[in-house]
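Participant: Taken in order, these protein sequences are the chains called C and L. Count the first sequence with the numbering used here and you get residues 63 to 206, in order. Count the second sequence with the numbering used here and you get residues 63 to 206, in order.
The set of hints was computed from the structure by calculation and includes no laboratory data. Backbone N, C-alpha and C define an ideal beta-carbon position, used for all residues, glycine too. Worth double-checking, as some hints may not be accurate.
[As the list claims (entries may be wrong)] Residues of chain C clear of chain L, computed beta-carbon distances all greater than 12 Å:
#1 A66
#2 A75
#3 T78
#4 Q104
#5 E110
#6 A135
#7 T144
#8 V156
#9 G172
#10 K173
#11 S179
#12 E196
#13 A203
[Unchecked claim] Straight-line alpha carbon distances no greater than 30 Å define the calculated DSS-like cross-link-like pairs of lysine-lysine that follow:
#14 L/K72 x C/K173
#15 C/K124 x C/K143
#16 C/K173 x C/K185
#17 L/K143 x L/K185
#18 C/K185 x L/K185
#19 L/K146 x L/K91
#20 L/K143 x C/K72
#21 C/K173 x L/K91
#22 C/K146 x L/K96
#23 L/K146 x L/K199
#24 L/K185 x C/K72
#25 C/K91 x L/K96
#26 L/K124 x C/K91
#27 L/K199 x C/K146
#28 C/K91 x C/K185
#29 C/K199 x L/K146
#30 C/K173 x C/K146
#31 C/K173 x L/K185
#32 C/K91 x L/K143
#33 C/K91 x L/K146
#34 C/K96 x L/K91
#35 L/K143 x C/K146
#36 L/K96 x C/K199
#37 L/K72 x C/K143
#38 C/K146 x C/K199
#39 L/K96 x C/K143
#40 L/K199 x L/K173
2 protein chains.
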Amino acid sequence: MVVARILATKGHAVVTALTTDTVLTIARKLTDHKIGAVVICQADNVIEGIVSERDVVRAISKDGPMALSRTAASVMTTNVKTCKAGDSEADLMVLMTTHRIRHLPVANNGKLVGMISIGDVVKHRIEAIEQESEHMKAYIATAG
Amino acid sequence: MVVARILATKGHAVVTALTTDTVLTIARKLTDHKIGAVVICQADNVIEGIVSERDVVRAISKDGPMALSRTAASVMTTNVKTCKAGDSEADLMVLMTTHRIRHLPVANNGKLVGMISIGDVVKHRIEAIEQESEHMKAYIATAG
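Generate the whole structure from the sequences, applying the supplied hints.
Facilitator: Take a look at the structure:
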């Protein structure tokens, strides 16, 4: 239950935006919250899309300064890959590697209930390595 | 030698830019090469800074459309964290988690010789898990 464990630490709150928000508004949300992606959501938390730092940079590359006044709807990724509460650490890693993405909204019946970033997964892996090392030391101390 | 193994697969080439390049030029480099960061380098491969998608988004948040004509020198991170050929997978993960970064230029005597992204590290972990599983199956088949 790695997804549940990560969310227990970081919380279930996700920064969202509307399809009508501009790219500039999205850029400011990303910077203000120090995050890499916002989920585009309806009021009832149904996921409509996702806009990452990469989507913002891509829009700028294409349209220059004009991109900043475009809407989230025109730059968002609509085929959103999500994860679910029961996914394993390997499941998350495979999803992120296969689709070359760094953010997985956590969905429950199509509704947004959290967000897992690639940084969260790596942080969790490090903690697991440290814990295994502690268990190993404790076992050796006991066995000795 | 995880750094060497990753570079053997992805190659040693790194997309670089000059301190005088504009933010718009950097954005286009990131998009054209489908990467998340460029290293700002002198001609002799001495690392001067790094500009990531996050730096581009942050500059836009601050200055709006004007940001696109600013220079790389004015938006780059100059205190660049690097890794070296002998670093372990855990070393890379700790560096990335501690500093909340997703790109580690590989340095040899202060000169750029490759780039490791958080995606590369996760991909390597998945391959290691798959390999362990194969070894386990082979062992069980032999033991049985």
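Participant: Now, for every hint given, state plainly whether the structure supports it.
Facilitator: Quick rundown of the hints versus the structure:
1. A66: For C/A66, whose nearest Cβ neighbour in chain L is about 20 Å away, the distance exceeds 12 Å, so it holds.
2. A75: 18 Å, holds
3. T78: Nearest chain L Cβ is 17 Å from C/T78, so the label holds.
4. Q104: Answer for C/Q104: holds, closest chain L Cβ roughly 24 Å.
5. E110: 21 Å, holds
6. A135: 19 Å, holds
7. T144: Holds: least Cβ distance 18 Å, greater than 12 Å.
8. V156: The assertion about C/V156 is violated, with a minimum of 6 Å to chain L.
9. G172: Consistent with the label, C/G172 stays out of reach of chain L, its closest Cβ about 26 Å off (over 12 Å).
10. K173: It holds; C/K173 is separated from chain L by about 27 Å at its closest Cβ, greater than 12 Å.
11. S179: 10 Å, violated
12. E196: About 14 Å separates C/E196 from the closest Cβ of chain L, which puts it past 12 Å; holds.
13. A203: At about 22 Å from chain L, C/A203 clears the 12 Å cut-off, so the statement holds.
14. L/K72 x C/K173: Between L/K72 and C/K173 the Cα gap is close to 37 Å, so the pair fails against 30 Å, i.e. violated.
15. C/K124 x C/K143: This hinted pair holds, its Cα atoms lying about 24 Å apart.
16. C/K173 x C/K185: 25 Å, holds
17. L/K143 x L/K185: 21 Å, holds
18. C/K185 x L/K185: Between C/K185 and L/K185 the Cα gap is close to 15 Å, so the pair holds against 30 Å.
19. L/K146 x L/K91: 25 Å, holds
20. L/K143 x C/K72: Status holds; Cα separation ~25 Å.
21. C/K173 x L/K91: This hinted pair is violated, its Cα atoms lying about 35 Å apart.
22. C/K146 x L/K96: 27 Å, holds
23. L/K146 x L/K199: 34 Å, violated
24. L/K185 x C/K72: 24 Å, holds
25. C/K91 x L/K96: Holds, at about 23 Å.
26. L/K124 x C/K91: Since the Cα atoms of L/K124 and C/K91 sit roughly 11 Å apart, the hinted pair holds (cutoff 30 Å).
27. L/K199 x C/K146: 29 Å, holds
28. C/K91 x C/K185: Since the Cα atoms of C/K91 and C/K185 sit roughly 23 Å apart, the hinted pair holds (cutoff 30 Å).
29. C/K199 x L/K146: Cα-Cα ~29 Å, so holds.
30. C/K173 x C/K146: OK: C/K173 and C/K146 at ~11 Å, within 30 Å.
31. C/K173 x L/K185: 28 Å, holds
32. C/K91 x L/K143: 26 Å, holds
33. C/K91 x L/K146: Violated, because 34 Å separates the two Cα atoms, which is more than 30 Å.
34. C/K96 x L/K91: 23 Å, holds
35. L/K143 x C/K146: Status violated; Cα separation ~34 Å.
36. L/K96 x C/K199: Judged against 30 Å, a Cα distance of about 43 Å means the pair is violated.
37. L/K72 x C/K143: 25 Å, holds
38. C/K146 x C/K199: 34 Å, violated
39. L/K96 x C/K143: 19 Å, holds
40. L/K199 x L/K173: Judged against 30 Å, a Cα distance of about 43 Å means the pair is violated.
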